[in-house]
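Number of protein chains: 4
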Amino acid sequence: MYDVRSVLTPTREAGRALPAATQAFEQVRKTTLALARPLSAEDCQVQSMPDASPVKWHLAHTTWFFETFLLERFDPAYTPCNPHFRVLFNSYYNAVGDKHPRPQRGLLSRPSLDEVLAYRRHVDEHMLAALSLQGGQSREFEALVELGLHHEQQHQELILMDVKHMLSCNPLQPAYQALPSVAWPDVPAPLRWIDVAGGIGVIGHPDEAGFAFDNEGPAHQALLRPFQLAQRLVTEAEFLAFIQDGGYQRPELWLSLGWDSVNANRWRAPLYWSEGQDGWTVFTLGGPRRLRAAAPVAHLSYFEADAYARWAGARLPTEAEWEHAVRQHNGPTPSPDANLLDTGMLQPLAAHASSSPLAQATGDLWEWTSSSYSPYPGFRPWPGAVGEYNGKFMCNQYVLRGGCFATPASHIRVTYRNFFAPEARWQFSGLRLARDA
Amino acid sequence: MYDVRSVLTPTREAGRALPAATQAFEQVRKTTLALARPLSAEDCQVQSMPDASPVKWHLAHTTWFFETFLLERFDPAYTPCNPHFRVLFNSYYNAVGDKHPRPQRGLLSRPSLDEVLAYRRHVDEHMLAALSLQGGQSREFEALVELGLHHEQQHQELILMDVKHMLSCNPLQPAYQALPSVAWPDVPAPLRWIDVAGGIGVIGHPDEAGFAFDNEGPAHQALLRPFQLAQRLVTEAEFLAFIQDGGYQRPELWLSLGWDSVNANRWRAPLYWSEGQDGWTVFTLGGPRRLRAAAPVAHLSYFEADAYARWAGARLPTEAEWEHAVRQHNGPTPSPDANLLDTGMLQPLAAHASSSPLAQATGDLWEWTSSSYSPYPGFRPWPGAVGEYNGKFMCNQYVLRGGCFATPASHIRVTYRNFFAPEARWQFSGLRLARDA
Amino acid sequence: MYDVRSVLTPTREAGRALPAATQAFEQVRKTTLALARPLSAEDCQVQSMPDASPVKWHLAHTTWFFETFLLERFDPAYTPCNPHFRVLFNSYYNAVGDKHPRPQRGLLSRPSLDEVLAYRRHVDEHMLAALSLQGGQSREFEALVELGLHHEQQHQELILMDVKHMLSCNPLQPAYQALPSVAWPDVPAPLRWIDVAGGIGVIGHPDEAGFAFDNEGPAHQALLRPFQLAQRLVTEAEFLAFIQDGGYQRPELWLSLGWDSVNANRWRAPLYWSEGQDGWTVFTLGGPRRLRAAAPVAHLSYFEADAYARWAGARLPTEAEWEHAVRQHNGPTPSPDANLLDTGMLQPLAAHASSSPLAQATGDLWEWTSSSYSPYPGFRPWPGAVGEYNGKFMCNQYVLRGGCFATPASHIRVTYRNFFAPEARWQFSGLRLARDA
Amino acid sequence: MYDVRSVLTPTREAGRALPAATQAFEQVRKTTLALARPLSAEDCQVQSMPDASPVKWHLAHTTWFFETFLLERFDPAYTPCNPHFRVLFNSYYNAVGDKHPRPQRGLLSRPSLDEVLAYRRHVDEHMLAALSLQGGQSREFEALVELGLHHEQQHQELILMDVKHMLSCNPLQPAYQALPSVAWPDVPAPLRWIDVAGGIGVIGHPDEAGFAFDNEGPAHQALLRPFQLAQRLVTEAEFLAFIQDGGYQRPELWLSLGWDSVNANRWRAPLYWSEGQDGWTVFTLGGPRRLRAAAPVAHLSYFEADAYARWAGARLPTEAEWEHAVRQHNGPTPSPDANLLDTGMLQPLAAHASSSPLAQATGDLWEWTSSSYSPYPGFRPWPGAVGEYNGKFMCNQYVLRGGCFATPASHIRVTYRNFFAPEARWQFSGLRLARDA
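Chains as they are written, first to last, in the numbering used here: chain D, 7 to 443; chain B, 7 to 443; chain Z, 7 to 443; chain A, 7 to 443.
Next up, chain D with everything else stripped away, as it sits in the complex (with noise of 0.2 Å):
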């Protein structure tokens, strides 16, 4: 069986810069490749869900990015590949026109998959030969290339999740590829509590600091707080208690939307998760596999994470607590042994004795905050159309931080801001325990 990892570049570099531009292109677009290789021409023309694209279309709409952001627009020669995909690829951009409807996007058998991959090499073509162009393109053409890269590693992230979604909705539990064989420790290592100190931390990224979204800046001052956070991700088998104590049938345990979301959706257990005669089985990119009591528990909304927090005697963290206590405990890079998509690991491991204190922070699951998504104080959009990148998703959608086993290595930083709305689930979301000091 193919297997994603002979393609996967293991640059162990979390949280770096890209390399130069036409290396970053060409490893960014042959990634993006590689992650549909294992997929079949009617896998990648699935949508599962409207919340979910089919990889066909990812592997469109990232090109029609280049296409529409940068060759239509600085270079005077270029001719579109198709005048329809202007149309067909646009995802939310409503400063570039229409949109085909995002539920519909699975109905599309044409353009095919193999048309998809040529217009993918021919946007290729041209965008390299504009990045060789002799005398270079303006800061605004570098400043785009660089955030269409920063967009298609999004995109690999989200590949995996809809695949996933989509083969865990057909009975016979296709596996996306087999998964690297990892030795599996019995039980999880104990809970300990990290105390973090309070003051005036420093939130946000910095303007001169390298690339980050919109949405990450300004730096800002914050006023936090002493408070407590678990070395570790909350695990399978701590889940399973609470499943056990009947979590799901307890009203006080959840805020009031989210009982809504038990009782509208006959939520029992995590995304995932099913129960048979011989106890749970979990669904995974490899298939399905039993529960395992150390693995951290994957496809929790930001209501399980809470009603969770809560039966604990605990809470969610803040996004600025976890943003002030990575950056105290941890440093401001991440963790160069953090299990991102580069390691080909395809799944959150057990957590390990680490090089940071806190353990998992990068990578393995993304991690759910308290904090709904807000403009920091000052932000601005970007100028122009990719202004709609961020800002006019800022309502009922909360905070993730942290990566996960999809994010790449070159994707993530310390400051990187993930979103989902509260009910979400498809997401490669975990729970990390916060206290009051």
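Heads up, a few of these hints could be off.
Chain copies aren't distinguished; within one or between two, either way the pair holds.
Stated by the list, open to error - For lysine to any residue, the following SDA-like pairs were computed, each having C-alpha atoms within a straight-line distance of at most 25 Å: (1) Lys-105 / Thr-38; (2) Lys-36 / Asn-176; (3) Lys-105 / Ala-181; (4) Lys-105 / Met-55; (5) Lys-105 / Arg-316; (6) Lys-105 / Ser-360; (7) Lys-398 / Arg-316; (8) Lys-398 / Trp-273; (9) Lys-105 / Arg-116; (10) Lys-105 / Ser-262; (11) Lys-398 / Ala-430.
Just so you know, the hints here were simulated from the structure itself, not pulled from any lab data.
Could you slot chains B, Z and A onto chain D? The hints should help.
Quick look at chains B, Z and A alone, frame taken from chain D:
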């Protein structure tokens, strides 16, 4: 471009029996494959609405029918290709067990199209072996094979319906394949009224007269009043006049539920019609084309057919009237010059001087009748699981008669009862006017 | 407690004509008020579902009918009570203009009940003046008055249906009023089959024979086969046996849409039945009571009636069979001992030795037939706005025959066609079995 | 016409404590009745949408609070008025047991309004007896009485919100009551920006400072940057300019979910605005009136407030900014001249020369902030069932500050946190602009 007609067998024997079992089996199975051949793996994957199915599913389900009702029952040594297929490809037979939910057929990227084609070959081999068995098979076996072939012929028409709908959802407006070029008259033949004598007629299919579905019997007497029937179908030009006369804005022309549908779905024209800068376009299996005055109007709901008839000062015939008139004027067997699947036209044609007084009564388009789909007096469903074939759908559906250009010639009969919900429009449905004498 | 019976006029003249116009007008209008008298202003305000209307709305709409179709049209000096009422109290007459949306009838706290009662008095005064006009009124005027009175009688039955549904939604389970005490047999009379001779029967209402709705004509011949009809309605004990035999869990007993309804709505018993610690309770206009073996089972959907019949090895009669049988055995006029609104029983009674071979064929409960509601051969809707009365509803509804305990005696006829959607259950519907001879 | 103002007690003591318990109890309970007095039994019955409740339900639920949390708990001899009321009038306290479903509150015609008023008298008598008990009651009892009164004051405002919505659904556009006549300036006061100094401010309500809801504490430090706040609310004329500038057609002005709301609900103006032949009309508690240039614009969703601010080149304040600014400029107690319920104005007024620099900061209209409703650092819900009062709603809601013309003067505080979902518009919500310094 691949041409479906190169494989379709021009049997020219509408309404005649299928040939001897083995030959019939090979021919029907081959035709289904031929219909899928212009399509990619992606095309065969998509389910464009809950009422439609992916072509891949049609290919598998028609195979499942032979595996489940023939091989598993009559061949003790037979091993199912894949035990999950029993559930995945069951359409609606509760007696057979669980069913994969209909609206989720498009989520099954696995088995792949190639695997489904291998499934077909596997079952074909075993079926052909069983059909050639020394000493022959039981009468029940033979009857079920015949049923399985007629079942597959129904799915041949469904494949074309569902593919057309899927392609129409794509802004690229792709063709299924190029249509044969046909000379079109500028105007339709003038509408003439054919007198039909009343009295007691015999309606339905007698037991002893070869294959028919259970819902076509028993043959029985019906009392009819004299009436008149148009000699041809209503055309696109005529329907355009209805639109231009405000047909879709005048509640007095519509059934109450029809008026609700007009408003809820914002109907302004038949399905697949769209109005542009320079007039109306009609989407066909050959892609979009301009409106054609003499072409029979297709893709009408029952509501639209009924409203048009009211506007025209006429009405729909009952199904007893339709059958009585066709027997009286065209005789008990379908016209040899009917435009059915075997002509390869893949579209309804203009009415021409026909060998039959009631032109287009077989083929071209199914004709809406005013009759609710209900059991004939003395109706008995088939025994066993196949008893779910027809009877349980006899509620809130209306009968269409006569077959269409996508109906195999060996599949249609003067007694054939097709049926759809009154709001359905994706079937190849047209309209012939009737009026009281 | 106020007793509706004290005002109901026991005319005992089922199916006979209404008395002379003025007397009829006064009697019908008074009866409507009598039905509302046990109810508070709050009771008259509530709309418990989109299919039901507030009693206050019924009181106003029946008045609107006379104001709109009689006073406004025939009395040039008439000034409408309130010009907004033309819209607020229009039910479904597109020809009259705009309509307040049906599901929002319960939002109209104004006009108050008192104002609606004043509206009734205002219109009554003008109508009585018009009816007593020297020299009489036109034939059209008289016909519309007669129609308005029959229209109001239909709403009398609707008031009881809708009030019952509204009260059933209240956990207090309040009664509309105490029911008269009746002696109930412990077991139902044994079911007997009555032979019905076939042949050509006359169905429907001849023009010259007094008032009928347009949908009851034209009278026409129908060809019928001999069959058998049960001498009484199916009872609660019999229906309980169906439940206990797993009737609601066995898909093979149900139409496909019926099985969908069972699952979507979690039907486990007829409407208003509930199972408690010590058996089944049935909610009635007199409040909850224990199940009664001999009571006719009420509040069945078409789907439940059809499934029960299939389970019992029988079927529903067609409406032509029903009318033919009743004419043949009971004669063309309703039984004088029928349990209709005028008896004040307000509930269906056990079948008793009846003056008619087919007991309960008039009154007690409406009887589902297997016939889709469709136009009779040669049907012509009334001219003008009242042409919207019946014809536009002839789709996806099924016919019920015979009237019920809430139908006024002067309102019912052997040709009377009632109709409801197959999933509707809040009407007073029961079931009489038929089978082939 | 009855005038609500004749009963409202003009306490003029915004933000001050309620008077001694017995007097406070009598006053609050009397005020609730006064608000219901202009309404008929029908008016009090209707529930115009799932988010609103019938006035009758408010009258009963506020009584249920005292019965359930005081009388049943502290008076062993107390017998509940009706055991069903425990379920019927429970709003959302899971710890108390079952609840009648919220969207079905309008279906309860029984108990009648008269019976609910008797229920109030019954509970009032027992409460007054308990309050006058020799030797006094426990501290917990007293605290729960105080909570119950503040709870009832919240429902006083809800009554006016819900009544207004209900009346607006009626095409007759009836008034709740005539509004006092007020002189209106032709144009609003010019908008001025007030500088607010940054630094560390104290936000929230200290434990020892009298009654507050649990969500207002703990008092805590917050770090704030200098900014500016408008001296008054945005007006109808200003909002009209936004509409006329295409505000509702320009996606770039909206949050993504806001743009979805605009399209799904076809918003074109604030709730209760309608455009007619001769300009805009605004529906008020006094019925419809013409748009008034200087009137504060009301009934905005969070989405509309946010879009307007973006269009105006400004933003919403955070709730910490709002409280900090009001403390800095207006001081810690509400302005004595605030337009609250006790003025009887029943509408927001034009900003006038105010005793406070930030005019209208108390009263007139609630002011949207950009802050998601979330717990303050160290937040602890109250123990017991009343712990469900606030905390469980801290998700997907946004905070509003300052009270409105429908808020009782003894109910508002500078720390008061109101909250609604971002799409809600039926509350009395307005908008004050902020911008970075």
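Right, here's what the structure says about each hint:
1. Lys-105 / Thr-38: For Lys-105 and Thr-38, the Cα distance is within 25 Å only inside one copy (23 Å; across copies 36 Å).
2. Lys-36 / Asn-176: neither (28 Å within a copy, 29 Å between copies)
3. Lys-105 / Ala-181: between (32 Å within a copy, 22 Å between copies)
4. Lys-105 / Met-55: Both, since 18 Å and 20 Å are each at most 25 Å.
5. Lys-105 / Arg-316: Close across copies (24 Å), not inside one copy (42 Å); limit 25 Å.
6. Lys-105 / Ser-360: So Lys-105 and Ser-360 fail the 25 Å test inside a copy (46 Å) and across (49 Å) alike.
7. Lys-398 / Arg-316: Answer is between: at 11 Å across copies they meet the 25 Å cutoff, but 31 Å inside does not.
8. Lys-398 / Trp-273: Between copies only: 18 Å across, 30 Å inside.
9. Lys-105 / Arg-116: For Lys-105 and Arg-116, only the intra-copy Cα distance (16 Å) is at most 25 Å; the inter-copy one is 29 Å.
10. Lys-105 / Ser-262: For Lys-105 and Ser-262, only the inter-copy Cα distance (14 Å) is at most 25 Å; the intra-copy one is 35 Å.
11. Lys-398 / Ala-430: both (18 Å within a copy, 19 Å between copies)
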